[in-house]
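A.B. asks: Each chain is listed here by its residues.
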Amino acid sequence: MLIRTSLVLLTVAACLAPAAIPDRPEKLAFPELRYQPPDPSLHRTQLKSGPVAYIIPDRELPLVTVQVTVRVGSYLDPVDRQGLASMLGTLLVHGGTEEVSADVLEERLAFLAASLSAGIGADSGTVSLNLLSKDLLEGLRILRDVLSRPRFQEDKLELRRQQTLQGLKQRNDDSADIEAREMAALAHGPDFWAARYPTGSSITAITRQELLTFHHRWFHPANFTLAVSGDFDRTAMTAQLESLFEKWPFQGELPPPIPAVLHPAAPGVYVVDKDVPQGRVSILLPGVMRDDPSYPAIQIMNDILGGGGFTARIMNRVRSDEGLAYSAGSSFPGGTWFPSTFRAGFQSKSRTVAYASSIVLEEMQRMIDKPVTEEELRTAKRSFIDTFSENFNTQGKVAALFAREEFTGRFKKNPNFWKTYSQRLESVTTAEVQEAAVKHLHPDRVTLLVVGKKEEILKTHPDHPVKLESLYKGGIRDLPLRDPVTLQPLPSKTSDPDR
Amino acid sequence: MTFIHLSLRSVFSAVCLVTATSGLWAQQIPVVETTLPNGFKLLTVERRGEPRISGGWVAHVGSANERPGITGIAHLFEHMMFKGTPTLGTKDAKKDMEIIFEQERVRDEMRLEEAKMRTALRRGVITEITSPEAKTPRLKELEVNFKKLIEAQRETSVKNEFDRIYTTAGASGMNAFTSEDMTAYFISVPANKLELWMWMESERLLRPVFREFYSERDVVFEERRMRTDSTPTGKFTEQFNALFWDAHPYHWPVIGWPSDIPAISKKQADEFFALYYQPQNITLILVGDFQTTDAQKMATEYFGRIPRGKQPAPEVTTLEIPSVGEKRYYAEAETNPQVEIHWRTVGFGHRDSYALEVLQQLLLGRTGRLYKALVLGKQVATEAFAQQDSRKWAGAFAVGAEVKEGKTPLEVEQALEEEIGRIKVGDVPAEELQKVKNNFAAAEYRKLSANMPILFQLIFNEGLGDWREVNTGGAQIQAVTAADLRKVAVDYFKKENRAVAVYTRKAGAVADAEDPDMSGLTPEQKPVARQIAAALRAETDLEGMKQKLAQMETALASADPKKQPLQKFIVKKIIERVSQLSAK
Chain A
813 MLIRTSLVLL TVAACLAPAA IPDRPEKLAF PELRYQPPDP SLHRTQLKSG PVAYIIPDRE
873 LPLVTVQVTV RVGSYLDPVD RQGLASMLGT LLVHGGTEEV SADVLEERLA FLAASLSAGI
933 GADSGTVSLN LLSKDLLEGL RILRDVLSRP RFQEDKLELR RQQTLQGLKQ RNDDSADIEA
993 REMAALAHGP DFWAARYPTG SSITAITRQE LLTFHHRWFH PANFTLAVSG DFDRTAMTAQ
1053 LESLFEKWPF QGELPPPIPA VLHPAAPGVY VVDKDVPQGR VSILLPGVMR DDPSYPAIQI
1113 MNDILGGGGF TARIMNRVRS DEGLAYSAGS SFPGGTWFPS TFRAGFQSKS RTVAYASSIV
1173 LEEMQRMIDK PVTEEELRTA KRSFIDTFSE NFNTQGKVAA LFAREEFTGR FKKNPNFWKT
1233 YSQRLESVTT AEVQEAAVKH LHPDRVTLLV VGKKEEILKT HPDHPVKLES LYKGGIRDLP
1293 LRDPVTLQPL PSKTSDPDR
Chain B
161 MTFIHLSLRS VFSAVCLVTA TSGLWAQQIP VVETTLPNGF KLLTVERRGE PRISGGWVAH
221 VGSANERPGI TGIAHLFEHM MFKGTPTLGT KDAKKDMEII FEQERVRDEM RLEEAKMRTA
281 LRRGVITEIT SPEAKTPRLK ELEVNFKKLI EAQRETSVKN EFDRIYTTAG ASGMNAFTSE
341 DMTAYFISVP ANKLELWMWM ESERLLRPVF REFYSERDVV FEERRMRTDS TPTGKFTEQF
401 NALFWDAHPY HWPVIGWPSD IPAISKKQAD EFFALYYQPQ NITLILVGDF QTTDAQKMAT
461 EYFGRIPRGK QPAPEVTTLE IPSVGEKRYY AEAETNPQVE IHWRTVGFGH RDSYALEVLQ
521 QLLLGRTGRL YKALVLGKQV ATEAFAQQDS RKWAGAFAVG AEVKEGKTPL EVEQALEEEI
581 GRIKVGDVPA EELQKVKNNF AAAEYRKLSA NMPILFQLIF NEGLGDWREV NTGGAQIQAV
641 TAADLRKVAV DYFKKENRAV AVYTRKAGAV ADAEDPDMSG LTPEQKPVAR QIAAALRAET
701 DLEGMKQKLA QMETALASAD PKKQPLQKFI VKKIIERVSQ LSAK
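From first to last, the protein sequence lines are chains A and B. Per our numbering, the first sequence runs over residues 813 to 1311. Per our numbering, the second sequence runs over residues 161 to 744.
None of these hints come from the bench; they were simulated from the model. Backbone N, C-alpha and C define an ideal beta-carbon position, used for all residues, glycine too. Hints should not be assumed to be uniformly reliable.
Calculated pairs, DMTMM-like style, for lysine to aspartate or glutamate (alpha carbon to alpha carbon, straight line, at most 25 Å) [claimed, not checked]:
| hint | chain 1 | residue 1 | chain 2 | residue 2 |
| --- | --- | --- | --- | --- |
| 1 | B | Lys607 | A | Glu1022 |
| 2 | A | Lys981 | B | Glu492 |
| 3 | A | Lys1231 | B | Asp449 |
| 4 | B | Lys722 | A | Glu1022 |
| 5 | B | Lys457 | A | Glu838 |
| 6 | B | Lys255 | A | Asp835 |
Just the calculated beta-carbon pair ranges, DEER-fashion [said to hold, decoys possible]:
| hint | chain 1 | residue 1 | chain 2 | residue 2 | range |
| --- | --- | --- | --- | --- | --- |
| 7 | B | Ala603 | A | Ser913 | 23 to 31 Å |
| 8 | B | Met257 | A | Arg871 | 52 to 60 Å |
| 9 | A | Gly931 | B | Glu258 | 32 to 40 Å |
| 10 | B | Gly229 | A | Arg1289 | 41 to 49 Å |
| 11 | B | Gln451 | A | Gly1221 | 41 to 49 Å |
| 12 | A | Ser1239 | B | Asp454 | 30 to 38 Å |
| 13 | B | Arg606 | A | Thr1019 | 33 to 41 Å |
| 14 | A | Arg871 | B | Gln399 | 49 to 57 Å |
| 15 | A | Thr1232 | B | Lys538 | 53 to 61 Å |
Chain A extracted, bound-state conformation:
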């Protein structure tokens, strides 16, 4: 549809406009805007067949989304079977069902233009179906079969195994992957579940029977939470969901709690030698839980330090002032299951890695030494509060967000979390921000990881003669590059007589 409006009227209107355009945006006046988030209890249904469901009709488009969150995760991977949960996620939707082979099932879903996906991450699994509402009944039948009677076809298992094994070989190709892996080990301790990775032998050892056993233990309605949105009638959908989960063919278990005890590495400067022109830096400190009473102050503190993009101090100094990095910033995610690590990071050419690191540490110290300005505080608050409605801008997002709240247990503890979200942030003071910095930022006790060309990085830059080894009193520790398949340390280049 194309409408061309007469410009004559518009031009007249413009000429009549009384006020001249001001020279500064503060001089503009805006209409009032208040936003109230949706109320989870209006959408919440406890199904008799087990799961709690958030069901939100939305008739704008002829589409339906059913998302099942499953209480499962790679933290449940059996000993020497790292990668099993993840592989199960893939094969659940790509390995056929008891009655229909994988190829036939995928072909049918493709013909319907339906998207059925599944993935098992560290602490949860998701099985998600998005399809045209006219195909809903057929889609739900497929979903039940996939969830309750997967086939885990042997040939598909072999294919997935082969793809995974070949994928492992790329683990050292990208310095970003090395950084992520070593960071997980330093932050959590190498034996913590979130730092355990599949190896050639763990992937090779996985059997179909093990997948079935794992599936039967965890994939049952008591472990499901649902987010359902789209083109349907709420009552009819509730009934359809009841029948989707009733008379489950097997009894499962409730999983044990997610282990939460971390063994982070000792503070210090750690270097992985990798021949790339740009070093990647991660600066780590122990984190907090998201329900920490001072978390709103921490959130604002981090936003001003490095979380707020171009309004944050790290970005202003490392990028805008000095031109040392394209991306630079920090994150302080409150943990859901265990205290999530604080991280500040950037990427800079080898010769300026040490200098840029010193700037980040300096900015951390400045957060401790001096209160932030009222203007910074206001910007940070508005950036959370006035963008708040974006969390709820589609019904699919609303349902998924509330289901996640249910799944992580926060809805039970604090059903008004989102209703009071703005209030909590609004009340934070500059003194509380400084307190949070004093308590949680310790530039003298950081774990600083560098992945890059060590020789060049140590040369530093004549204009900025900061030395990497001066950033922490303990000096530099080398971390070995690991064999991409076994993850065992590889002999270092310097000790290798062939080089």
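Given the structure of chain A, go ahead and fit chain B onto it with the hints provided.
C.D. replies: Positioned in the frame of chain A, the structure of chain B alone reads:
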């Protein structure tokens, strides 16, 4: 379980998925188009439900509009558009301008020194132009002067104020991108801040100040290091792209050649702005909770201040020359082996582009032909892709796959060509074509889920040539026939029209994979097993091995159960080696 075939629950769906040639009425985006007297085009889409507005604008300029020497300027320029205005970003506009003027004077002198360094590089006096040690003494002095001017400027500057004002007003997602064909800027603001958007965007177009030009140039170089130089295949895809396009400016990368980025001057950026950021060359787009009449009135008031450009921005006139010979590219990189075949095809809106897009979908995905043939059938690859890239001035079609271990790039290349060959002889059944069209029809709905995706649809299509394509392209796709697919395959997928890229893993970049036979061993046993296996692979004494084998087999029966897995492993490896040697 049985499948129901196309349950026709509503007329609506029947229209979309069965006849599928008409009835795309439901997916139309209700765009209102107006043109301001000075040439700006304004597109508005009213959409309720969320109290926000996604706003953006697209300048019809990209890297294709550059020339050698200033490649990367369109993108560098995009960065400069966030640096403020005379009233945003500084407390003293007059002093700020004086300092910028003085900075340019120092930079002119520095450029003379940089020219000397390039000469030194050509003569072999220095080997690396970017190294700090390569600087001339005079350049170092000038850098000190320049740094002083930066510090003087900082005394009155207000850091990233453009961003701070938006953020404090509850805006989010402010960003921009540059491609070969367009440069686009976008943001989401609360519904009551429409006028702020008008103020901010019109101000930066009316009187931008490109302060911090040179540190931003360094930022862009870091961006290049991050995306191109430090990634496993970045440098290689850049080189292959330069091989693929001969005459056309698509030949150079959007980010710019590494020698061009640090040589671009602020003066060149000023000229670039004057030429390409004039009202006639820009389309403003708003999607969300506002009244179109308000938006039109405000746009006229705010953007109406910007004078119409004196001459239209020049078109890209270079046409790609026909390819008369096949091109082949071979690279060793830190990546699993892979093969890609690229053909020159057609660009945005070309009558053949729809068939090529359908063909892409026919080949792509888990139920697409490439996966079925190469991954499931012949088992020569682990994954495969297909893509029709319809750009503004020209286009290309690519297929590719990762080579499965034990297979060769040649086998993959042949398998890819075989699948293309099947399309050329017209082998596409109706049901398969319908499957692909059903997915296009459903995607028409999926893309309408929120303001930002709608804004992006309009930006992309307008940037490539015409926003109307968002509403008319669907019908063109549904009209594609099997005969059309055959025709485009025959017309474009010719040997002389293709370029083939073959990547193999750089030797020594990665250690050998763990032997699956070692899976039962303890972590302590594995290093031992690895050493023994390596020694056995080098062993040539067949008789000695046979004796050793007999001894081991006897010992195995009485071995400590903990050691048995290791011994079994060794036995297995000896047997393998013995049979290898015997075969010779």
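A.B. asks: Return holds or violated for the Cβ distance of Gly931(A) and Glu258(B) against the range 32 to 40 Å.
C.D. replies: Hint violated: Cβ distance 57 Å, outside 32 to 40 Å.
A.B. asks: Mind checking the alpha carbons of Lys255(B) and Asp835(A) for me, to see if they're no more than 25 Å apart?
C.D. replies: holds (18 Å)
A.B. asks: Is the distance from the Cβ of Arg606(B) to the Cβ of Thr1019(A) consistent with 33 to 41 Å?
C.D. replies: holds (38 Å)
A.B. asks: Do Gly229(B) and Arg1289(A) keep their Cβ atoms within the hinted range of 41 to 49 Å?
C.D. replies: Roughly 46 Å apart at Cβ, these two residues keep to the hinted range, so it holds.
A.B. asks: Evaluate the given range 53 to 61 Å for the C-beta pair formed by Thr1232(A) and Lys538(B).
C.D. replies: Taking Cβ atoms as reference, Thr1232(A) and Lys538(B) lie about 59 Å apart, which means the hint holds.
A.B. asks: Taking only the CA atoms, is the gap from Lys1231(A) to Asp449(B) under or equal to 25 Å?
C.D. replies: holds (23 Å)
A.B. asks: Tell me if the beta carbons of Ser1239(A) and Asp454(B) are separated by a distance inside 30 to 38 Å.
C.D. replies: holds (35 Å)
A.B. asks: Decide if the proposed pair is consistent with the structure: Lys457(B) and Glu838(A), CA atoms, cutoff 25 Å inclusive.
C.D. replies: holds (21 Å)
A.B. asks: Does Lys607(B) pair with Glu1022(A) here, judged by a C-alpha cut-off of 25 Å?
C.D. replies: violated (40 Å)
A.B. asks: Starting from Lys981(A), check that the Cα of Glu492(B) is at most 25 Å away, please.
C.D. replies: Holds, because 15 Å separates the two Cα atoms, which is no more than 25 Å.
A.B. asks: So the hint says 23 to 31 Å: do the beta-carbon atoms of Ala603(B) and Ser913(A) match that?
C.D. replies: Given about 27 Å between the Cβ atoms, the range holds.
A.B. asks: Holds or violated: Lys722(B) and Glu1022(A), Cα atoms, limit 25 Å.
C.D. replies: Holds, at about 24 Å.
In the structure shown, a violation is registered for the earlier hints numbered 1, 9, in ascending order.
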